[in-house]
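Engineer: Take a look at the letters that make up each chain.
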Amino acid sequence: MGSIKDGGAAQITDAKQRYKSGVLKYVQMGYWDADYQPKDTDVLALFRITPQEGVDAEEAAAAVAGESSTATWTVVWTDRLTACDLYRAKAYRVDPVPNTGPGTKTEQQYFAYIAYDLDLFEGGSIANLTASIIGNVFGFKAIKALRLEDMRIPVAYLKTFQGPATGVVVERERLDKFGRPLLGATTKPKLGLSGRNYGRVVYEGLKGGLDFMKDDENINSQPFMHWRDRFLYCMEAVNKAAAATGEVKGHYLNVTAGTMEEMYERAEFAKSLGSIIVMIDLVIGYTAIQSMARWARNNDMILHLHRAGNSTYSRQKNHGMNFRVICKWMRMAGVDHIHAGTVVGKLEGDPLMIRGFYDTLLDTHTPEQLEKGLFFEQDWASHNKVMPVASGGIHAGQMHQLLHYLGEDVVLQFGGGTIGHPMGIQAGAVANRVALEAMVLARNEGRDYLNEGPRILQDAARWCSPLKAALDTWGDVTFNYESTDTADYVPTATASA
Amino acid sequence: MMTNQGNRITQGQFSFLPDLTDAQITKQLEYALQNGWAVGIEYTDDPHPRNTYWEMHGNPMFDLKDPAGILTEINACRKTFPNHYVRVTAFDSTRGVESPRMSYLVNRPAREAGFNVVREERGGRSVGYTIHSYATDKPEGERN
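Residue numbers (the numbering used here), protein chains in the order written: chain A, 408 to 904; chain B, 711 to 854.
Keep in mind the hints are simulated off the structure, nothing from the lab. Accuracy of the hints is not assured; some may be wrong.
Taking lysine to any residue and the SDA-like style, the derived pairs with C-alpha atoms no more than 20 Å apart in a straight line are [claimed, not checked]:
| id | chain 1 | residue 1 | chain 2 | residue 2 |
| --- | --- | --- | --- | --- |
| 1 | B | Lys848 | B | Tyr753 |
| 2 | A | Lys678 | B | Pro770 |
| 3 | B | Lys737 | A | Lys595 |
| 4 | A | Lys584 | A | Val655 |
| 5 | A | Lys584 | B | Thr782 |
| 6 | B | Lys775 | A | Leu582 |
| 7 | A | Lys584 | B | Pro759 |
| 8 | A | Lys875 | B | Leu727 |
| 9 | A | Lys584 | B | Lys775 |
| 10 | A | Lys584 | B | Gly851 |
| 11 | A | Lys875 | A | Glu778 |
| 12 | A | Lys678 | B | Lys775 |
| 13 | A | Lys595 | A | Gln808 |
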């Protein structure tokens with residue numbers, strides 16, 4: 408019997424020794440198997456582990472596998488009543504993370520690959536999946552820090568989830584909008600406007616040319632504007648703007664509330680007023696999100712998710728979880744929109760990392776691409792696609808970059824870049840829409856729009872004074888800060904430690 | 711006259727730009743064909759935002775790979791229906807899409823009638839909204 412600080416042990420195969428009362432190392436208990444061949448039906452997870460001093464890589468990986476599956480701190484004989492070999496998660500590969508360890512600024516970290524049998528999980532429940540994968544294990548003492556980097560969800564498990572209530576393809580069909588990014592804006596100031604004043608901003612933005620306006624994440628039902636008032640004024644604005652333009656328009660009515668009952672009540676009211684879309688915040692929790700996704704599917708509603716709260720655990724590299732995992736879980740849970748980064752705006756985002764998020768939301772199949780932080784091949788089993796939303800510090804002058812980095816299937820949210828326009832909100836919306844259409848036209852014509860972008864915008868600004876004013880006001884605004892979340896990989900495969 | 715930007719309906723990919731020339735339309739057709747999409751032409755006199763099924767000027771041209779030939783069809787449609795809305799739609803049959811990938815207007819009436827909002831006042835302060843297309847005020851047989 409040894410403490411977990413002892414190195415160099417192997418799985419104990421003799422049953423009598425293995426189940427003797429006491430404490431064993433996780434490797435000895437069978438949570439490390441370098442020869443394990445993952446099955447197509449296994450759930451796979453990749454963790455970034457910073458072990459405590461004296462804990463070797465395999466033992467740390469085995470400990471994570473153990474604590475996220477069947478293990479407890481001591482041997483229990485009741486394991487022998489079960490098919491415990493099957494239920495034990497297996498750490499099967501561990502690689503040192505490039506640019507960590509002696510001689511670098513960062514202490515040694517490891518990428519640990521862990522396989523979980525499908526029978527460990529309840530079908531159709533993100534709550535159940537996450538209770539294992541990011542449950543107790545993140546507070547486990549043998550590791551200093553732990554980050555869930557990526558997961559491979561087997562097709563068999565994906566098929567137990569509803570997936571996006573509407574999806575990109577059907578959303579576009581309902582909106583009758585194809586071949587260009589959608590345009591939106593968040594109503595500002597986010598707090599304090601009365602219902603009547605709030606609806607004014609919505610009307611101006613939509614009539615000017617935006618497809619969507621949006622409640623912010625913390626607009627729910629406050630003293631300055633209760634939710635029913637907001638819904639009534641916003642739907643007046645939406646319908647009046649639709650009549651003024653001949654386009655389908657929408658406002659993301661945030662139904663986030665303290666209880667499911669209250670969220671359903673708000674969503675039903677939105678539906679009764681003819682809204683095409685409702686919104687929830689990530690902070691309502693996985694089960695509430697799945698419930699709202701089911702409600703949205705049953706009520707022909709697009710479901711927008713604001714990722715409020717995610718940066719508390721997704722931003723730092725050594726601990727927490729990568730946002731791409733949230734993207735995967737949310738596609739399974741069934742949302743239609745999710746905020747996923749802008750590359751060029753005010754919020755965190757390395758271009759390749761963001762592309763990895765977008766691919767995760769939009770592709771029917773994603774190959775392993777380490778440079779994008781995608782550690783596993785993922786077949787999406789015909790689940791609908793989630794529309795990524797780019798929001799935060801973006802403006803018309805960046806249109807060529809936005810189209811290049813984010814592509815066509817995205818909602819570009821220009822909040823300040825619409826409402827702060829010197830000629831007014833409608834003019835701000837016009838500037839964004841003209842910039843967008845001019846850029847899509849140029850791209851389709853085969854022009855080098857990324858390099859010629861500023862020229863294409865200036866040409867359009869010659870006949871569009873709102874665009875000229877936008878470029879004059881914000882043309883030079885950039886947010887050039889180094890990203891904290893970048894890929895750690897070397898182009899060739901790393902040797903197993 | 712409509713009161714929004716450009717005084718016209720803003721459906722499709724390019725309604726905020728000046729009307730596309732034949733040369734510009736040809737480049738967009740080339741883009742669709744390069745991607746393997748089939749181009750279809752549709753027309754209507756009622757551009758209500760939820761009027762999904764415009765009349766087809768023939769089936770989508772699955773086998774026509776020449777943008778000049780498609781432009782000829784577009785012009786034939788515009789000539790037959792000079793006071794209708796005409797739109798070009800590109801259909802993508804790829805698995806996971808199987809839906810339009812492009813849609814833009816290439817013709818519109820000289821005077822665009824637009825829409826109004828009909829409000830049905832319900833209980834409380836709720837309102838039921840209907841968007842009404844002025845173009846449908848006349849019987850179909852009397853519209854041009």
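Engineer: Look at each hint and say if it fits the structure.
Structural biologist: Checked hints:
1. With a C-alpha separation of about 18 Å, the suggested pair B/Lys848 and B/Tyr753 falls inside the 20 Å cut-off, and the hint holds.
2. Under the criterion of a C-alpha separation no larger than 20 Å, the hint pairing A/Lys678 with B/Pro770 is inconsistent with the structure, at around 35 Å.
3. Annotation: proposed proximity of B/Lys737 to A/Lys595 is violated, straight-line Cα distance about 39 Å (limit 20 Å).
4. With a C-alpha separation of about 9 Å, the suggested pair A/Lys584 and A/Val655 falls inside the 20 Å cut-off, and the hint holds.
5. With a CA separation close to 25 Å, the supplied pair A/Lys584 and B/Thr782 exceeds the 20 Å bound.
6. At roughly 29 Å between alpha-carbon atoms, B/Lys775 and A/Leu582 are farther apart than 20 Å, so this suggested pair is violated.
7. With a CA separation close to 11 Å, the supplied pair A/Lys584 and B/Pro759 stays within the 20 Å bound.
8. Restraint check for A/Lys875 and B/Leu727: satisfied, since their Cα atoms lie roughly 15 Å apart, inside the 20 Å limit.
9. With a C-alpha separation of about 25 Å, the suggested pairing of A/Lys584 with B/Lys775 is violated against the 20 Å cut-off.
10. Distance hint between A/Lys584 and B/Gly851 is unfulfilled; the C-alpha atoms sit about 30 Å from each other, more than 20 Å.
11. For the given pair, A/Lys875 sits about 38 Å from A/Glu778 by alpha-carbon distance, which is inconsistent with the 20 Å threshold.
12. As the CA atoms of A/Lys678 and B/Lys775 are separated by approximately 44 Å, the hinted pair breaks the 20 Å bound.
13. Of the pairs offered as hints, the one joining A/Lys595 and A/Gln808 is violated, with about 25 Å between alpha carbons and a cut-off of 20 Å exceeded.
This entry does not satisfy hints 2, 3, 5, 6, 9, 10, 11, 12 and 13, going by the numbered hints stated previously.
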